[in-house]
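Modelling step: build the complete structure from the supplied sequences, incorporating the hints.
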Amino acid sequence: MDFDPRFDHNGSRQSRHIPIPDVPPIHDPQDHYPPRPVPIPEPQDHYPPRPYSAHQYSSASPLSSHPTYSEYAPSYHTYDGPGPDDDFDAEAQSQGGYHENYQSSPQDIPLLARPISNQHLYSASVENLARPVSTGPLSPPGPRPLHLGQSIEEESNHLNKANFGHLVYDCPVPPKLLKNIPHAQPPGRDEFTHMRYTAVTCDPEEFTAERFTLRPQLFQQRRRTELFIVVTMYNEDDVLFARTMAGVFKNIEYMCSLKGKHKGLWDENGWKKIVVCVVNDGRAKLDARTRAVMTALGVYQHGVMVEEVNKKPVTAHLYEYTTKVGIDLRKGVVETKPGIGCPVQMIFCLKEKNQKKINSHRWALQAFGGALQPNICVLLDAGTRPGDRSIYELWKAFELNPNCGGACGEIKAMLGKGRGVEKLLNPLIAAQNFEYKMSNILDKPMESAFGFISVLPGAFSAYRFVALQNDAKGKGPLEKYFDGEKHHLDADIFTKNMYLAEDRILCFELVAKRKSRWVLTYVCSAQGETDVPEEMPELIKQRRRWLNGSFFAAVYALVHFYQIFRSSHSFLRKCMFMVEFLYQLISMIFAWFAVGNFFLVFQILTTALGGPTLLGKTGEILSVIIEWVYLGSLVACFVLSLGNTPDGSRKFYMTMVYSWGVIMIYLLFASVFITIKSVEAEAEDGVFTFGKLFTNQIFFTLIVSLLSTYVLWIFISIVFLDPWHIVSSSLQYLLLSPTYTNVINVYAFCNTHDVTWGTKGDDKAPALKTATVNSEGKSDQEPNFDDGDLDELYDTALQKFASEAVEEPKTTDAKDADEGYRKAFRTYVVLVWMFCNAALVAIVLNAGGLNRLELNPSGQEATSAKVKTYLLVVLWSVAGLSAFKFVGAMWYKIHRIFQR
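Residue numbers for the sequence shown follow full-length UniProt numbering, so the first one is 1 and each next one is one higher.
Hints were generated in silico from the structure; no laboratory data involved. Please note: incorrect hints may appear among the correct ones.
[As the list claims (entries may be wrong)] In silico DSS-like pairs for lysine-lysine, Cα to Cα no more than 30 Å straight-line:
#1 Lys312 - Lys176
#2 Lys311 - Lys285
#3 Lys353 - Lys486
#4 Lys396 - Lys259
#5 Lys677 - Lys868
#6 Lys396 - Lys893
#7 Lys574 - Lys515
#8 Lys337 - Lys285
#9 Lys285 - Lys480
#10 Lys312 - Lys263
#11 Lys574 - Lys475
#12 Lys285 - Lys868
#13 Lys417 - Lys331
#14 Lys259 - Lys353
#15 Lys423 - Lys800
#16 Lys893 - Lys261
#17 Lys417 - Lys396
#18 Lys417 - Lys473
#19 Lys263 - Lys396
#20 Lys800 - Lys179
#21 Lys480 - Lys353
#22 Lys311 - Lys176
#23 Lys486 - Lys312
#24 Lys866 - Lys677
#25 Lys396 - Lys515
#26 Lys331 - Lys285
#27 Lys417 - Lys800
#28 Lys486 - Lys475
#29 Lys176 - Lys423
#30 Lys417 - Lys868
#31 Lys480 - Lys396
#32 Lys337 - Lys179
#33 Lys259 - Lys179
#34 Lys677 - Lys617
#35 Lys285 - Lys486
#36 Lys396 - Lys285
#37 Lys473 - Lys574
#38 Lys331 - Lys423
#39 Lys423 - Lys651
Values in this document were obtained by computation on a predicted structure and should not be read as measured data.
Structure follows, in structure tokens:
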């Protein structure tokens with residue numbers, strides 16, 4: 001037998017650079033053994049000292065002794081497999097490098113990143129997208145590797161003629177970044193030495209069909225993705241981005257420290273089962289300092305992007321890198337520390353155009369999720385910092401309950417270190433802190449006890465990937481969820497408002513999924529902190545989107561409640577859903593009449609203070625003054641909402657806040673004063689008992705209302721071992737509650753024509769170069785940077801975020817083309833809403849001429865009877881709703897105790 005160059009004289013296998021003679025065509029079913037290689041001279045000395053391309057020649061053995069987290073992707077031009085004289089080993093054949101063969105499936109993965117050149121520091125590649133047609137018993141189930149004996153040029157030429165090409169760069173990372181990171185030494189390479197750039201030229205749903213692929217699919221043994229963490233961005237600065245990434249990295253470190261738990265799923269190599277994906281909504285809106293942080297992490301390089309590939313516009317720029325750079329925030333400045341922490345597999349998707357957050361989720365869930373097929377997807381907004389164990393706690397909820405299709409944690413207002421006393425001095429922040437806390441103590445646990453949470457916040461939530469998938473007909477949760485992107489252009493105004501809260505639509509569709517039994521879970525141990533608006537205009541704009549979206553989405557869910565019966569939930573569970581839908585219907589009715597109800601309570605209390613046994617004439621004078629302040633403030637709210645923007649009317653809106661605060665102080669005084677006087681009246685005859693006290697209808701009604709609200713808040717907060725907000729934020733919330741009802745509610749309904757997210761603006765990014773891959777498989781646009789250039793760019797990026805940013809002035813958004821139609825819809829909604837609330841007031845107070853229409857008018861006595869009946873209905877309804885939430889929250893707490 002002739003000398004076989006695959007073995008040295010001692011019989012040991014070796015890797016050699018070899019020529020590539022002809023091989024049988026792709027469709028030959030017997031084409032599973034490459035021809036015998038022949039030695040060739042070593043590459044010329046003009047190649048760089050370390051491989052700048054994933055597709056360059058390399059003699060590095062994939063079994064080199066490097067840290068355990070290094071998984072090398074051997075060069076395509078190095079053959080170390082069996083020859084025609086060896087026994088066929090299918091497993092060894094399938095682990096020859098990036099070009100692993102895959103079983104045929106709907107996500108059939110093709111051969112990736114075929115090399116086309118070794119003459120440039122950056123080297124483009126085209127991917128073989130042809131499906132194999134061979135069906136022989138020994139033929140590979142997926143596309144075949146590049147065989148020894150076939151030239152690179154011939155292979156590339158074949159691919160381009162077939163029009164199956166994608167532009168891919170494997171870019172070396174700066175030497176300064178690698179200095180403190182264990183990695184393969186030249187000429188070897190691994191996932192730490194190179195960043196992968198892909199110019200994507202298709203829509204998200206076509207990503208797998210067009211055979212685009214991701215790095216975790218390319219290793220010798222394809223990595224299973226257990227956890228897919230998605231961070232969506234628009235134009236967040238470096239501080240907000242670093243805050244989120246620091247929390248994500250801490251969670252990954254924690255999961256990698258769980259040795260021996262969860263049947264060995266999480267250990268020191270657990271990071272290989274986690275992929276972190278950052279999606280930025282538009283290249284023009286990427287913050288320069290955030291881009292610098294990306295560069296410091298190694299997941300972005302300036303100058304490699306192209307705008308067009310073979311006359312196809314690029315829709316997204318895809319960067320992939322496994323970073324081992326720690327990130328932290330100190331005194332508002334981002335710090336990066338190479339070599340600190342465990343590795344993190346990162347994907348950075350920079351969308352070419354601004355197409356809103358729902359489109360970013362399409363890229364994450366349809367494109368990348370379809371390629372990786374993860375088990376659990378975690379959704380985060382840039383700026384939300386998950387707790388150090390929060391992502392793990394969310395993941396564990398899915399492990400404990402196989403029917404859990406979605407979960408969310410507690411969203412907290414970011415108050416800073418300690419108890420956040422400094423920030424709580426701002427009444428707006430304190431009120432939002434109280435609101436967030438009570439929602440996470442009462443509302444979320446109650447809904448979780450029933451199995452349907454009306455909304456899993458997009459800022460911090462998780463879904464089981466298989467639960468999101470559509471059925472064979474393309475119908476399902478994702479289909480409805482992503483309809484919001486299509487409806488943004490051509491839908492009616494109701495649908496557009498509904499999709500302002502698209503996460504609510506997703507929750508309903510997930511629970512009501514046909515022939516499924518998914519439930520939604522709240523995980524109180526998973527916490528995420530987020531910034532809250534600190535000024536009134538920002539709060540108004542945020543709540544406008546929240547209120548309108550949630551209202552119209554709730555209408556959609558209630559109208560389509562029958563879809564629950566097509567699911568596979570048990571009869572008991574379906575009954576529980578019906579009870580919860582009834583609760584939501586009652587809550588929505590109260591929300592619709594909130595303005596009228598508030599005025600009626602105000603009118604009844606102020607009128608009562610003028611009674612002879614209370615304040616008498618003084619009370620009457622006070623009631624007249626306060627009524628004028630009330631009506632003036634309410635009219636001002638409507639005028640400002642219909643004709644002014646919050647940013648342009650800051651002083652007016654702050655005046656409204658102070659006015660409603662004064663009114664609330666008056667109402668609190670009236671409630672307490674009337675209660676005390678009721679007690680004194682019952683004690684006048686010298687015989688006082690609590691039983692006798694409760695026979696006083698006014699006192700009994702007030703005390704039930706107070707107990708069902710304030711006392712309940714205190715008690716349930718103590719049960720959940722989280723009472724601090726009662727002390728620090730409850731008073732601010734009470735004083736601002738009329739502002740929520742009369743300012744924010746009025747602005748929301750008066751602006752139902754506005755269906756924007758408040759993120760519209762100039763979407764023109766600087767022009768990029770266009771790339772052409774010729775028939776020989778070579779790109780005409782290949783960056784040519786040496787190590788010095790890379791280090792210089794890296795240093796520039798580090799200096800970019802080394803100090804605090806200077807705040808830039810804000811710009812005003814442009815008007816929409818169909819503003820007239822949307823304002824007409826706004827008018828109809830406001831008129832109906834105002835009429836309903838005015839009618840309620842007139843009926844209860846017997847005003848507006850209704851007293852003249854009565855057949856047997858009885859004057860003041862009839863009005864008093866109506867008022868008492870109204871108070872009984874409203875206050876007992878409030879007490880009933882509060883008790884309902886309390887029972888649900890207690891059931892949730894007891895269930896969690898026994899679940900542990």
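>> Need the list of violated hint numbers for this structure, in ascending order.
In response: Violated hints: 1, 10, 12, 14, 18, 22, 29, 30, 36; rest satisfied.
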